[in-house]
Amino acid sequence: MSGALRVFRAEAMRMLTSRAAWTGALAVALVPVLRVWATVVADRTRSLERMASGGEPLGLSEGTGWAMLVDGWRAGLILGTALLLVQAARSLAGDRETGVLRLAVTRSASRAGAIVGRALVGPLLVAILLAVSGLAAYLATRALGGDFGDLVEDDFTIFTADEVRVELGRALVVVTLGLVAVHAFGLWISSMARGPVLALAGSLAALLLWDVFKGDVGEPKWTVFASHAPTFADGSAMAEMAGFARGYSDAGLPEVVQNMGMVLCPLEAVLFVLLAWVLLRRKPL
Amino acid sequence: MSNGGSTPALRVRELRKRYGATEAVRGIDLTVERGQVYGLLGPNGSGKTTTLSCALGLLAPTSGSIEVLGEPANKLYRTRGRVACVFDVPALLRGHSVAQNLDYQARLRGHSGGRSMEDALSRVGLPGFESRRAGGLSLGQEKRLAIAGAIMGSPELVVLDEPLSGLDPMGVRGMLALLEELATDGQTLVLSSHRLHEMQEVLTHAAVILDGEVIREAPLEAFLGRVGTWHVRVRDEAAARAAIEPLGELAERPDAEGRLLLEAPGRGGDEVVGALVRGDAGVLHFAEARVGLQASFEALVDERRSAKASAAGASAAGASAAGDSAAGDSAAGDSAAGPPGGRS
Numbered sequence: 001m002s003g004a005l006r007v008f009r010a011e012a013m014r015m016l017t018s019r020a021a022w023t024g025a026l027a028v029a030l031v032p033v034l035r036v037w038a039t040v041v042a043d044r045t046r047s048l049e050r051m052a053s054g055g056e057p058l059g060l061s062e063g064t065g066w067a068m069l070v071d072g073w074r075a076g077l078i079l080g081t082a083l084l085l086v087q088a089a090r091s092l093a094g095d096r097e098t099g100v101l102r103l104a105v106t107r108s109a110s111r112a113g114a115i116v117g118r119a120l121v122g123p124l125l126v127a128i129l130l131a132v133s134g135l136a137a138y139l140a141t142r143a144l145g146g147d148f149g150d151l152v153e154d155d156f157t158i159f160t161a162d163e164v165r166v167e168l169g170r171a172l173v174v175v176t177l178g179l180v181a182v183h184a185f186g187l188w189i190s191s192m193a194r195g196p197v198l199a200l201a202g203s204l205a206a207l208l209l210w211d212v213f214k215g216d217v218g219e220p221k222w223t224v225f226a227s228h229a230p231t232f233a234d235g236s237a238m239a240e241m242a243g244f245a246r247g248y249s250d251a252g253l254p255e256v257v258q259n260m261g262m263v264l265c266p267l268e269a270v271l272f273v274l275l276a277w278v279l280l281r282r283k284p285l
Numbered sequence: 286m287s288n289g290g291s292t293p294a295l296r297v298r299e300l301r302k303r304y305g306a307t308e309a310v311r312g313i314d315l316t317v318e319r320g321q322v323y324g325l326l327g328p329n330g331s332g333k334t335t336t337l338s339c340a341l342g343l344l345a346p347t348s349g350s351i352e353v354l355g356e357p358a359n360k361l362y363r364t365r366g367r368v369a370c371v372f373d374v375p376a377l378l379r380g381h382s383v384a385q386n387l388d389y390q391a392r393l394r395g396h397s398g399g400r401s402m403e404d405a406l407s408r409v410g411l412p413g414f415e416s417r418r419a420g421g422l423s424l425g426q427e428k429r430l431a432i433a434g435a436i437m438g439s440p441e442l443v444v445l446d447e448p449l450s451g452l453d454p455m456g457v458r459g460m461l462a463l464l465e466e467l468a469t470d471g472q473t474l475v476l477s478s479h480r481l482h483e484m485q486e487v488l489t490h491a492a493v494i495l496d497g498e499v500i501r502e503a504p505l506e507a508f509l510g511r512v513g514t515w516h517v518r519v520r521d522e523a524a525a526r527a528a529i530e531p532l533g534e535l536a537e538r539p540d541a542e543g544r545l546l547l548e549a550p551g552r553g554g555d556e557v558v559g560a561l562v563r564g565d566a567g568v569l570h571f572a573e574a575r576v577g578l579q580a581s582f583e584a585l586v587d588e589r590r591s592a593k594a595s596a597a598g599a600s601a602a603g604a605s606a607a608g609d610s611a612a613g614d615s616a617a618g619d620s621a622a623g624p625p626g627g628r629s
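Those sequence lines, one after another, are chains V and D.
For the first sequence, the working numbering begins at 1 and goes up steadily by one.
For the second sequence, the working numbering begins at 286 and goes up steadily by one.
Hints listed in this document are in silico derivations from the structure and should not be mistaken for laboratory results.
For every residue, glycine included, the Cβ atom is placed at its ideal position computed from N, Cα and C.
It is possible that part of the hints are untrue.
As the list claims (entries may be wrong) - Residues from chain V that face chain D, not an exhaustive set, calculated with beta carbons under 10 Å:
hint: 1; residue: L101
hint: 2; residue: S110
hint: 3; residue: R282
Based on the provided sequences and hints, a complete structural model is requested.
Okay, structure coming up:
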């Protein structure tokens, strides 16, 4: 286990000092800002169109910041899902190709330690991803005049700010676990691929295919980690949260689905790490 | 820190590695004692890198046992940073700086004792390179950086796979000087190379590998020939014989180049040439008669290949004789049986 921690510390340092990671973080910060701005522009355009045709402006009169925040945050996380796959794909397949994986195995870690150490980087990256995209979305929302009060429409309070916070918190927990599983999935694909490009192509293709077919699967789709992660065809708890933050009372994932995600995503993540170890156990490095 | 000074740094027993139908390593036995600079020598494809990869737990052997500092090779992590390796293509984080590369390796090693980053960089001739990006270094500098990473923390065993490959003549010179320095420090080094002429300058022991087998394992001196033999050409052979008599002896006949072999075991060259000069032998030529590692290697390979060819020839002849005999037996059998339907 100490070998895994040594690898984790080395990999975390490598990640935090890499230019690519900082560029990724910048993108993850920039995308929510753009998304929040786009949300504001779209809402104002709709209201203007409505007023031009003699109607009243639509939507919330208070608590407008929640939708902006969730839209921005979700956009950052969608990009983050792709970046997590890139990192995971490079992690094993790339390091096998360049020989960097040999350094860990010959210096102080077993193969299992080298894989677990890399897998532990996943939760760290997800935490950074959530923090950066969330902070960027929050600051952009504040800068563009969004407020985080109760959701009020026509003087009627649809949800209180506390209710929105609780729902957002629950959505974030499920999405976080989904993202950790996405990283572990990337590691597994990376352990079988001949190179980082194939690993990335394989893992991205698998997620995109799941996006295409998950609608046809029905309720069982919630047993698969990828349904809980924000993707381009996003159906995750954050996508539902975008509706909730606009005051749609039918939005939000059922509790049983969220609970399923909270249990199954970590289990699937562990399974992927185990599979990666099984595959790399006897492979030449 | 040490796991017992008497344990060999590397012990390989009956190592075999098969890739499908090809047996790349065929029962290799090696022992590298501490403090040795040990060379695994052989042509490309002879099994050197496969042997090292198995020894470092990077490749699972088909059979055999390997111990590195007393630990099995597949549990190399138990040595906790006491083994370091430098691969043919240096394993570096090319997007990171030199200092970050070394920090990465230090974190992997997990303890901060021993040689520091600054000391290691200075030892490999890269002082002041800390902030340079590793991807912007020349191949020679990359190799030096990889060695700096390996020698940080003072590992007990450093394994270098083809340390001279891809280097220009100046790079080779610098690398040899670095290896010599490490050897002088008492570091145990295991080097694989096919650059025999250069390797001769640093090795203390060597194993020649050919077609996956060790054909000779010995101290370097044993490869180079006996110490205390010289080739001489003199004006007065009788005076030379008289002068050299108390120290050794002079061969009866000169070689094709007119040189006489002078043997004076245990005597230094200065002493021998001094005696010849004092004896007024008229020394025209005086040179050590030891063969180079390259020549010794070539002789070993030739000997091995001709032995194999004769064995194969003998086996073919045997098989042919057996075949003839079998054909004869068969003919005899046929004859005894008589022509089919002959009993008419």
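- request: Report holds or violated for the interface hint on V/L101, using the least CB-CB distance to chain D and a cut-off of 10 Å.
  value: Hint on V/L101: holds, closest Cβ of chain D at ~8 Å, below 10 Å.
query: Does the nearest C-beta of chain D fall within a distance shorter than 10 Å of the C-beta of V/R282?
result: holds, 5 Å
query: Can we keep the V/S110 interface hint, with Cβ of chain D closer than 10 Å?
result: V/S110 check passes; min Cβ-Cβ to chain D is 5 Å, inside 10 Å.
Checked against the numbered hints above, the structure violates none of them.
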